[in-house]
Amino acid sequence: MKRHKAQTSAILIILVIVIFIGVAVTLLQLAKTVSKEEYINLYTGNLLRSVLKTDTGHTQPECRKVSDLLACAFFTPTYRCSPEEPPCLELANETITNYMSKFDMIRKNFNYLFKVESEGFIAATDSGIIDIKIGDERLDIRRGDSLCRKQRCWTANDVIQRTDNGEQYILKVQLIISKR
Amino acid sequence: MRFKSQSNLMEYLLLIFFVVFIIVALILFITWWQVTQLGMKKSQEIEDRALSLTKEILINGFFVKEESVFDDGKLTAANTTIKCEELKHILGEGWFMKIKTLDESVIPCNEDNYPDCNYWEFCVQDNPASIYAIPVNIYRRVQDRYDLGVLYVGVYYEKT
Chain R
92 MKRHKAQTSA ILIILVIVIF IGVAVTLLQL AKTVSKEEYI NLYTGNLLRS VLKTDTGHTQ
152 PECRKVSDLL ACAFFTPTYR CSPEEPPCLE LANETITNYM SKFDMIRKNF NYLFKVESEG
212 FIAATDSGII DIKIGDERLD IRRGDSLCRK QRCWTANDVI QRTDNGEQYI LKVQLIISKR
Chain G
4 MRFKSQSNLM EYLLLIFFVV FIIVALILFI TWWQVTQLGM KKSQEIEDRA LSLTKEILIN
64 GFFVKEESVF DDGKLTAANT TIKCEELKHI LGEGWFMKIK TLDESVIPCN EDNYPDCNYW
124 EFCVQDNPAS IYAIPVNIYR RVQDRYDLGV LYVGVYYEKT
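Here the protein sequences line up with chains R and G, keeping their order.
Going by our numbering, the first sequence opens with residue 92, and the numbers climb by one from there.
Going by our numbering, the second sequence opens with residue 4, and the numbers climb by one from there.
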């Protein structure tokens, strides 16, 4: 009985030490620094607005800024900003891809999806409905298998307005980013 | 019987030893925890300050034409006439900022080469810092053009 009593005490002490270590590990897990939600939200919003506001280098009103180029891609997709360059739709894709790839955060750590859709009207060519999606389409929130259903995504939204023959048209622009 | 009492004594001595060991370990753990927490809190405060400074600079009239659109004329003027010490009176101590267009080259701006330049820096020192990078526009006054750029704002870990 004495031998068993000593063994019981030893087991109890070992149990206390194990609980101790468990509590320490749990507390360390909880003590991680707060995620940079606010920063990534600010980054995403600024990235979208800054890209849309940037001058493309063309002087025609249809192509002057990136937002103008996107509107051109929807309303006059075959228009050429200059003879040696591709039509608006293709040029818009190239321009957005080029700008997005220049940001380190996007290039190294994040996937992105740059989406432009018409609201209240449908823009189409002979090839079909015009719908700009640049980047990783798996991030599209409307997809049933969207990656954003499984992992954290950050979204920024903006609109491009155009008036034609007294009618106002709206393009919705959305940037979605997610960690690789 | 003598051996039995010696055995009991040894048991209790061992038990007391382990209890004392646990108490000392607990004290050391709590001390280590407090020190770690203080360090993490300091890091978090520096990161929070860097983010607050970033948001303030994005709307500060000394540098911007409108929110998140920096004016290259204002930046160059601030670089040449308003020195770091004066900016510290407005934005506090221990920070720095850099703004650059997305061009490959880095051409620091001054009154001699403006507007053929693309980089501005304020209060930069060679010390470790917590840094935030934000996409911005830079309005080029002479060309009447909006360029794409990046703003870097940092807070140094050690006060300078």
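Simulated from the structure, these hints should not be mistaken for lab results.
Keep in mind that a hint or two might mislead.
As the list claims (entries may be wrong) - Here are the computed lysine to aspartate or glutamate pairs in the EDC-like style, where the Cα-Cα straight-line distance is at most 16 angstroms:
no., chain 1, residue 1, chain 2, residue 2
1, R, Lys193, G, Asp115
2, R, Lys156, G, Glu161
3, R, Lys156, R, Glu185
4, R, Lys156, G, Asp147
5, R, Lys127, G, Asp51
6, G, Lys44, G, Glu161
7, R, Lys144, G, Glu69
8, G, Lys77, G, Asp115
9, R, Lys270, R, Asp222
10, R, Lys144, G, Glu161
11, G, Lys86, G, Glu70
12, G, Lys103, R, Asp195
13, R, Lys144, G, Glu114
14, G, Lys45, G, Asp147
15, R, Lys127, G, Glu107
16, G, Lys103, G, Glu89
Said to hold, decoys possible - Covered stretches of chain G (in silico footprint by chain R; criterion: 3 or more residues with CB under 8 angstroms from a CB of chain R, positions within the stretch not fixed):
no., segment
17, 23–37
18, 52–58
19, 126–139
Glycine residues also receive a C-beta, built at the ideal position from the N, C-alpha and C atoms.
| query | Looking back at the hints listed earlier, which ones does the structure fail to meet? | reply | Hints 1, 2, 9, 10, 11, 13, 14, 15 and 16 contradicted; others consistent.
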